[in-house]
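Residue numbers (this note's numbering): 1 to 142.
For the record, the hints were derived by calculation from the structure and aren't laboratory data. The structure presented is a predicted model; accordingly, all values stated were derived computationally and were not measured. Hints are supplied without guarantee of correctness; some may be wrong.
Beta-carbon label-pair distances, calculated as ranges [stated by the list, open to error]:
(1) Met60 / Leu24: 12 to 22 Å
(2) Glu54 / Glu117: 19 to 29 Å
(3) Met60 / Pro128: 33 to 43 Å
(4) Arg110 / Pro83: 36 to 46 Å
(5) Pro92 / Phe46: 20 to 30 Å
(6) Gly29 / Arg95: 15 to 25 Å
(7) Val82 / Lys30: 31 to 41 Å
(8) Tyr122 / Gly42: 37 to 47 Å
Every residue, glycine too, gets a C-beta built ideally from N, C-alpha and C.
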Amino acid sequence: MSQGNTGVTVQAVNAHACPVREVLDRVSGKWSVQILVAAAHGPIRFTELERSIEGISRRMLTLTLRNLERDGLVIRTVHPTVPPKVEYELTPVARELHETLQRLTDWAERNRVYIAESRAVYDDERQPDSTVRTGPDRRPVP
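Start from the sequences, fold in the hints, and give me the full structure.
Here is the structure:
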């Protein structure tokens, strides 16, 4: 059905999709996913997170944790010890998200070989043959 027949405008679709897109961008970010996975087994300290997530800088970890806390996905607990002990744990909403991420990860694991093979076939079919000249439309040129 065309958009003209639905009575739904592009502006209405974008107004609804924008907040959803913002949430998806946050929770699907490279570092957010890894933090959620690392913290899924219970409270975890900052330094443990830093060690368990390869390639993340201290600043990026701090910013991502702050954003996840702001979004209600992570709880930050400061224990009154010297030095202070800070732990992070997932909220119930984040645990639900983790289950979804786990299903996505399982799907990716089950299908990774298929996807790699599909990419190879696609690339092989589109690799230019050095003996055949093609035009802008990729058709052979005599």
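Pro83 and Arg110 - C-beta distance against the hinted 36 to 46 Å: 44 Å Cβ-Cβ, so the 36 to 46 Å window holds.
- request: Please test the hint of 33 to 43 Å on the beta carbon pair from Met60 and Pro128.
  value: Cβ of Met60 to Cβ of Pro128: about 40 Å, so the range 33 to 43 Å holds.
- request: Given the range 19 to 29 Å, decide if the beta-carbon distance of Glu54 to Glu117 lies inside it.
  value: holds (27 Å)
field: Verdict for Pro92, Phe46 (Cβ pair) under range 20 to 30 Å
entry: holds (22 Å)
message: I want to verify a distance hint. Is the separation of the beta carbons of Tyr122 and Gly42 within 37 to 47 Å?
response: holds (42 Å)
field: Outcome for the supplied range 12 to 22 Å, where the beta carbon pair is Met60 and Leu24
entry: holds (19 Å)
Pairwise beta carbon distance, Gly29 to Arg95, judged against the given window 15 to 25 Å: holds (18 Å)
message: Is 31 to 41 Å respected by the C-beta to C-beta distance linking Val82 and Lys30?
response: 35 Å Cβ-Cβ, so the 31 to 41 Å window holds.
Of the hints listed earlier, there is not a single one the structure fails to meet.
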